[in-house]
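Chains as they are written, first to last, in our numbering: chain P, 1 to 234; chain G, 1001 to 1234; chain V, 2001 to 2229; chain E, 3001 to 3229.
Simulated from the structure, these hints should not be mistaken for laboratory data.
Where is the CB? At the ideal position from N, CA and C, for every residue including glycine.
Treat each hint with caution, since some may be false.
[Said to hold, decoys possible] Sample of chain G residues at the chain V side, in silico, Cβ under 10 Å:
{"id": "1", "residue": "T1182"}
{"id": "2", "residue": "A1197"}
{"id": "3", "residue": "S1201"}
{"id": "4", "residue": "P1202"}
[As the list claims (entries may be wrong)] Stretches of chain G that chain P covers, calculated by requiring three or more beta carbons in the stretch to come under 8 Å of a beta carbon on chain P:
{"id": "5", "region": "1003-1015"}
{"id": "6", "region": "1113-1119"}
{"id": "7", "region": "1141-1147"}
[Stated by the list, open to error] Derived, one-sided and incomplete: chain E residues facing chain P with beta-carbon distance under 8 Å:
{"id": "8", "residue": "P3017"}
{"id": "9", "residue": "E3018"}
{"id": "10", "residue": "G3019"}
{"id": "11", "residue": "P3038"}
{"id": "12", "residue": "E3041"}
{"id": "13", "residue": "L3076"}
{"id": "14", "residue": "G3079"}
{"id": "15", "residue": "S3081"}
{"id": "16", "residue": "F3089"}
{"id": "17", "residue": "R3093"}
{"id": "18", "residue": "G3094"}
{"id": "19", "residue": "F3222"}
{"id": "20", "residue": "G3224"}
{"id": "21", "residue": "V3225"}
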Amino acid sequence: MIDKTLADCKQAVAPVFDGATVMFGGFGNVGMPGQLMEALLLQGTRDLTVISNGAGSGDFALAALFRERRVRKLIASFPAPTSKHFRECYLKGEVELELVPQGTLVDRIRAGGSGLGGFYAPAGVGTELAAGKETRVINGREYLFELPLHADFVFLKAHRGDRFGNLCYRGTMRNFNMVMATAGKLVVAEVEEIVPAGSFSPESVHTPGIFVDHLVQVARHPGLADKPSEETAP
Amino acid sequence: MIDKTLADCKQAVAPVFDGATVMFGGFGNVGMPGQLMEALLLQGTRDLTVISNGAGSGDFALAALFRERRVRKLIASFPAPTSKHFRECYLKGEVELELVPQGTLVDRIRAGGSGLGGFYAPAGVGTELAAGKETRVINGREYLFELPLHADFVFLKAHRGDRFGNLCYRGTMRNFNMVMATAGKLVVAEVEEIVPAGSFSPESVHTPGIFVDHLVQVARHPGLADKPSEETAP
Amino acid sequence: MMLTRDGIAYRIARDLPEGGYVNLGVGIPILVANYLDPGKEIFIHSENGILGVGPKPARGQEDPDLISAGKGFCTLALGASLFDQTLSFAMMRGGHLSHAVLGAIEVAANGDFANWRVPGQAVPGVGGAMDLAVGAPNIFVAMSHLTNKGKPKIVNTCSAPLTARGCVKRIYTDLAIIDVGTDALVLREFMPGHDPSGIRAKTEAELTIAADCREIDVPETFNGVPLRQ
Amino acid sequence: MMLTRDGIAYRIARDLPEGGYVNLGVGIPILVANYLDPGKEIFIHSENGILGVGPKPARGQEDPDLISAGKGFCTLALGASLFDQTLSFAMMRGGHLSHAVLGAIEVAANGDFANWRVPGQAVPGVGGAMDLAVGAPNIFVAMSHLTNKGKPKIVNTCSAPLTARGCVKRIYTDLAIIDVGTDALVLREFMPGHDPSGIRAKTEAELTIAADCREIDVPETFNGVPLRQ
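Same shape as in the complex, but just chain P (with noise of 0.2 Å):
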């Protein structure tokens, strides 16, 4: 019988080693794997690369990565004025930063989720982001060559899942986790509720449990359970 299930997350995040890229769902606090966050903080693992769409924010799981420094890289598209344990990693050179635009960004994890070799984007050309970066004229517009990004551990949010790893989320929770849930080596989800298997119609599974390795039942953080972060976003 197949069974995803883990006993807690400090169990699921015991592979990750120091070094290792992980990618991380949620935007702003939606959807933002926050126990998983804090299992990796306890267990003290370093040298992170971090792909994610911000740096978190107040000081709880995503941004306390950032606050006790590990992580030595973040490709991000939008690090807020708000992620001050990021920002202050940044502003004295602990922690290399990759502004990756938000679409870009969502379509390079798709291209290493998905086998494709990389691809040319529209957004940034002519901009400071497109430094350094090949440019290509199609049908007479120009684009940006792109390349594929993928993890070795990629950690999820969901609302339930069943044995199988499938997942399925609620609201705004579907942001990056889908695409994430494609592009990782091992991939692990936490989820506020594990139901019996054959409890998800075929049509309303979000993620198929093909892509989910892991998951793991957990209260959610108390961090994201009753409020949004204050963040803005442009």
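Assemble chains G, V and E onto chain P, guided by the hints.
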């Protein structure tokens, strides 16, 4: 009030002009917009470039467009051995075929619909389908450069729709319909039922209405209603 | 007389058509949602995966999993749909939105604009700004006409880091409405108490005056909120 | 003694692990579904958007919207999901399937194989064959050892149009099981009544004999279907 509903298929295909590029959803007979195809046949539009996974089967809908010599070029992955009308046109040199590996076809449509300039695909490398294509080695692996596909008209089939153009599919109807919905100047769906606004839960919408210009409620084409075709695919 | 930030938002809302699919950036743009004609059905897009953002929820009614791109709680409108980032950016970058309303630091005569990084800003963040800018067919910029030091923000060449080249279609400021034409900027409307030459004087880039150039028509207040000052 | 087509399918089914995600091509491969151990949970993928294809429906129970890649009606297994072509090919091309079992016209010593176009075939159709071939980490080929004219199908260089280069991991024929090693083809198993040198004689490409090379262990019949002949 937004109301994207049209009275019938005749009205839906009226804008299609001779020489237009047209995409049709469907894999086998499932998700094939059979009634829209029949309306296009009746209208007599010709010199079409058709983008579709296959070339139809039997003697109706897509197959009938070949029978009546309405198609100048087919861009497809699998004109099945049972596509007898396509076969006849092709062997007589009356239709051009651009054969594309299915996953590459899907992603070319996706690139067209999502504003990418092109991408590097692994399928077809070292085969006769690589003829004339630019190759590139990325991270040690060889890829083919592939261009986006976009159509003047896209015809879809869905199970249910609402006046905003939101669509839901059932079973394996999603196939090419969801990605093609993003890649047309004018996108029309035939649906079995138009439901009142607010009937769909926001989480269950498969194709958001932004991609759909018109929809028409019509009984399932009789050729598609009771049995699938006899085609076989590799 | 000048438009308030709400006044700019109110005026932009008048130009959004029924059936529009509109992304609203932070700042003045997000205020546009407050002034949409309830008789017109317009879908507000949020880059984190919503088409059909509704009003803010009542206090105590917030759904912790339902936020819009500005990270504040939201509700969903009739006909709304939820989706992931790949589909959301397909909408933005693939030309499917009808309009994006964005704030700006500067707009140049050729439609270049800068809105993502204040020069000298220590920690940069770009989000979806560049994807929106290259994707939406109608980019409306909403901003004050002058910097708070009194310098023109409509310039010959942007000095702040560009968001995208040549994509702005129309500029709404507290003083004027200006179209980005193929050859030149065209003054369409100006605030009562000003005149085209006065607007020209506050604009670094060359301004052509539209043949039907007229005064901006915005009421004093709306639901008690001042639109002019 | 040789394996029947069902016998090849039966033998392949024995090698598919619990938790596998497997795409089965037309021909012998699709027969593998009939011989999976019901005690092992294995997900069958269908390129048109199914993970978890179940058995054929009973007559009269067909759902007209539920077909598998071979265009025949199917049912869904416990834990199945439905999706569109973009996600389906992300699974195939992105390395997410554990196995693809495919028919072939020829396999070469270096793992090249040909299965999509019989030389001289008038109307070509490729479908998802090339995407599967480049994407799935374990490509198992199922075919007869010889053509019906008695020529070897395991060759030095494919003469039929290639499906993909160097991707076959294992070949199951009616006579033998052969691994595609990094340096050479390795004979793992052979049918009772044959011996390694006999298999070599029927194989154009060079064959190394595995140290633990042994006879194929397949019963005479299964549920009344002959597996050996």
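Which of the stated hints cannot be reconciled with the structure, identified by number in ascending sequence? As far as the earlier hints go, 5, 8, 11, 19, 20 and 21 are violated by this structure, in ascending order.
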